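Undergrad: Each chain is listed here by its residues.
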Amino acid sequence: MARGSGERGYGVNEVPPAAHLLVSSFQHVLLMVTALVIPILFASQLSGLPEFTASLIAFSMLAAGLGSIVQSVGLPFIGSGYLCPNVCGPSYFSVSLSAAWVGGMPLVRGMVIVAGLVEMAIAPIIQRLRRVFPTFIVGLVVAMVGVSILAPAITSFFGLAFREDAIRSADMLVGLFSLMVMVLANLWGKRLAKMYCLLIGILAGWILAAILAPEYWHDLVAVGEMPIVALPAMGPMFGGIAFDLKMVVPFVVIAISGSLKSFGNLLAAQGISEPDLDETDFTPIRKGLLADGFSTALAGLLGGMAVDTSSSNVGLAGATKVLSRWISVGAGAIFVILAFFPRLIAILSMMPKPVMGASLIFAGSFMVCTGLKQMFSEPWNPRKTFVVGISLFFGLSTAFLPTLYARAPRFVQTLFTDPLPTTTIVAVVLNQILNLDIVLRRLRRR
Amino acid sequence: MDEQAQKTVRNHLEPSACSRRQQSLRAVVPALLMVLLGSISGCKGKYGDLDLTMYQYRDTRNLVRFVYDASLILSREGRSSLARFQNDRARFSTPQYYLYIYDVTGTNLFHAGMEELEGRNLWDVTDKDGKPVFRQVVDALDDANNPHAWVHYSWWEPGRFYPVPKSSCHFRVSTPEGEELIVGGGLNYPHEEQEFIRIVVDRAVELIERSGQEAPAKISDPVSQYNYRDVRVFAFRPDGEMLISSAINSTFSQTNLLQCTDEVGHKPFAVALERLESSDTVWEVFMAKSPYQRRLIRKSLYIRKTVLSGETIYVAAITDLPEPPY
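One line per chain: the protein sequences are A and B, in this order. Residue numbering for the first sequence follows the working numbering, starting at 1 and increasing by one per position. Residue numbering for the second sequence follows the working numbering, starting at 1001 and increasing by one per position.
Treat the hints as calculated values from the structure; they're not laboratory data. The hints are all genuine.
Keeping only pairs whose Cα atoms sit at most 25 angstroms apart, straight-line, the calculated DMTMM-like set for lysine to aspartate or glutamate is:
no.: 1; chain 1: B; residue 1: K1289; chain 2: B; residue 2: D1262
no.: 2; chain 1: B; residue 1: K1046; chain 2: A; residue 2: D219
no.: 3; chain 1: A; residue 1: K246; chain 2: B; residue 2: D1262
no.: 4; chain 1: A; residue 1: K246; chain 2: B; residue 2: E1263
no.: 5; chain 1: B; residue 1: K1289; chain 2: A; residue 2: E164
no.: 6; chain 1: B; residue 1: K1046; chain 2: B; residue 2: D1069
no.: 7; chain 1: B; residue 1: K1289; chain 2: A; residue 2: D418
no.: 8; chain 1: B; residue 1: K1267; chain 2: B; residue 2: D1239
no.: 9; chain 1: B; residue 1: K1289; chain 2: A; residue 2: D244
no.: 10; chain 1: B; residue 1: K1046; chain 2: A; residue 2: E215
no.: 11; chain 1: B; residue 1: K1131; chain 2: B; residue 2: E1209
no.: 12; chain 1: B; residue 1: K1131; chain 2: B; residue 2: D1202
no.: 13; chain 1: B; residue 1: K1267; chain 2: A; residue 2: E51
no.: 14; chain 1: B; residue 1: K1267; chain 2: A; residue 2: D244
According to the in silico footprint, chain B covers these stretches of chain A (three or more CB under 8 angstroms from chain B):
no.: 15; segment: 98-105
no.: 16; segment: 162-176
no.: 17; segment: 400-411
Everything numeric in this text was worked out from a predicted model, so none of it was measured. Just so it is clear, CB atoms sit at the ideal spot from N, CA and C, and this is done for glycine as well.
Chain B extracted, bound-state conformation:
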């Protein structure tokens, strides 16, 4: 065979650099397309059933996913997975959030950040304000309005001497052994989510519709789940008269909410009540003084219309709105 013929044969048998590039492209492009198609088609993945659209902050969404992941392990492996959690504490206690597991009687089975709690029954434990934390967890798990069973309370950290605010979410898990366990996780730096006040106001409305005149006293109880950090559930009549006070004791000073203005002259309650003529719930934004700095911040007011002893009333709560990043 002459040289030219050998070259031709070699060209046929050995792929050139160009054809090798084409081959690798043929492999990479479909792979990329598969990934793209997977995301386009709305491939649900393991969080497919977890609706997190109500949360504004990533930290909050990340915590719910974190606890949900642990609930999947528990529901798959049951109590035998506890050793796995205990042997990998660093994974379940990060600077952002931490995990814990209880049985339904309130006995702690695992706490990623506070090992000394394990084996102890915390059913009657209260926070520094007297909030029965575990009982509120159980209540929250039974509340259909609170899909991720959020509870807000004060806690402390090992070796520290001051209280820290906590917001925790929970899942109830049925293990393969047929036991019911509670898995939860807390945020070390909780954000004020609008969803949190939606949950407490909707729950207060349910209480009013169920218990009538007994409800206002329960709602204004400072250790109830209707009050946490700076959030207070309050209620008022259509003429603006307070039924459950938002800021100060109404016997000390009568405040007509319809006349109240914010820091820029806006009347959020008067505007909200106009909007409530065609709706049962409204969100209204207003400007208030920041409690920590000399500047104004945006707040969100959630109001829901209900009936107490035949009279239309409005139940509401106020929370901070997320601030723009700059």
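Same shape as in the complex, but just chain A:
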């Protein structure tokens, strides 16, 4: 049953009053903006031209915004109907860059469309995976969704732009202050402070950053030279759509990995939106994955970076208990509108890194604990211990020992890429193997 209005915050199907809807949507937009670093970095690798960067950001925002609306608005055959907006997915960054170098943006567009179609094709299979994903594995997947944002969250928190660079005291202070304001507003604040704890923390951290580290303020001042309104232009670099057979395998691998991540996000969104469900309802999950694939394909068609569901926004929804899917629709609409206002995009993307990091830690910590709670919500047994323990060992090894699998056989390299997909795959396979005796016993009885 969906969370009702009797509890604090807003339930998944409730429509908040206009002012709350707007401010809550903006709060989610601030979190979504943190992912704009991906098209910015991508554009800087291909061409330093500001027109190209601006168009790539705008097309990516259009895809993410429209995808968020499709995901949450409640269409009959597509979209989960949960607060689970889209952002630019970091998992597609490397393969998109390879495609861009081989065949420019036309090939990126073509291969992102292929990846989107693959994600859409995977969606119906999920419906049949009910037995494969018992509650404790669903909990594990949700916890790993939180773990998967650990690296960007912590490095941003310390204001790091590059590996092995110095950490400044000012950045640590800003990150800590911002995080404490968010957490304390959430714990001690009354209704509005609790609801907008992330927004309050971001603003407080941003002001402190401008005082302690003047370059954060100077960055904002430099934005004044950008146009206020501009239509994204499909310049010569974007023209056409191309495909390359050699790029299919890496894009399909990332599409599968992206689907697993979105699967975890959607499970988490369901867990917080409909806590009274006895078991996972796979229909909205399937529809959500379909919407995720559709958004990715749409990004390719429009000329943006591939998009993905956002773990941190689901975490924010859970932390604030503001779960209305209309907020996701509102955030998507704001994202679409912002795509035509480059100066505003630039201002928002100038958010100090430690403040971004604090936001991600705030949202991620909620995801981790939601998953752990779900995992241990049912009676435990040694089988589960081995399934969870072993899958965590192998899953987390991809983060602790990232170069370990470079010498492994090709299929192992494909599966052992990232903590979330690796843990999920190992847990699912192991759970089937360790329960073979029960299956055989059942078969004998028949």
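Keeping the supplied structure of chain A fixed, place chain B upon it in accordance with the hints.
TA: Leaving out everything else, chain B in the frame of chain A:
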């Protein structure tokens, strides 16, 4: 006076908790605003004239500031400040970087980490590869293209038996006594900055334009300032034929750079030359094998167009790009 009247008077004379809070707010808010306004107005501070925007790493920027601070002390107090440096060695030799001071003849006046060098003349000292380190410092200080006089070489640390890579920046200081001194600082863990290859390529182009056909031999000399760590300045013709080799001896194997691809099939030279039709310099990114791990890393290629004996040529160098933090 009755009690009510006394209370009223007391209220007027003694500030209530609320008004005290207001007073302290009145003091704090303007102070905060002043700080904010100071930063907004672009208050330059002591580093106002120091342009550090070309460096990507904080460590590099911090070193330049560190050496600049020492140069301010020296220019203000002259030789009398040497005792101050010597009495506070820990401040000038940190785990990240260290400071040293020379006179223009190459005599060491202060070295925060290697006290035994003080008083010795190091004009002719070379590193393990034969690089004349101090002479290159003097050259770098005269190079307008190298605003912070960067020099790259190998050195060693007291008590250690293996060479360590160093990147040092320098300032020339005029003391109140009218003497010229050189203050420098080295990074213990130097980062590969794109600015470093910009400096060596631009300097090589200047040499080519000044010395013509004599330049290629000087540029390819392994102990020249054009070659350090994994960086080599190289040159090629518009058809891709090597003039100064980048990777292997060109007499051993002819490499056409325009046909070369990176690890993902990208042709950085072919693309860069297209872009050079409308520009004199370009930066191009490509993927290469990491020399230390089984993975790909991003590299940056800087190319500058020039003319050698009436023929258009391209001078270039390659460096690692900073890796994202995760």
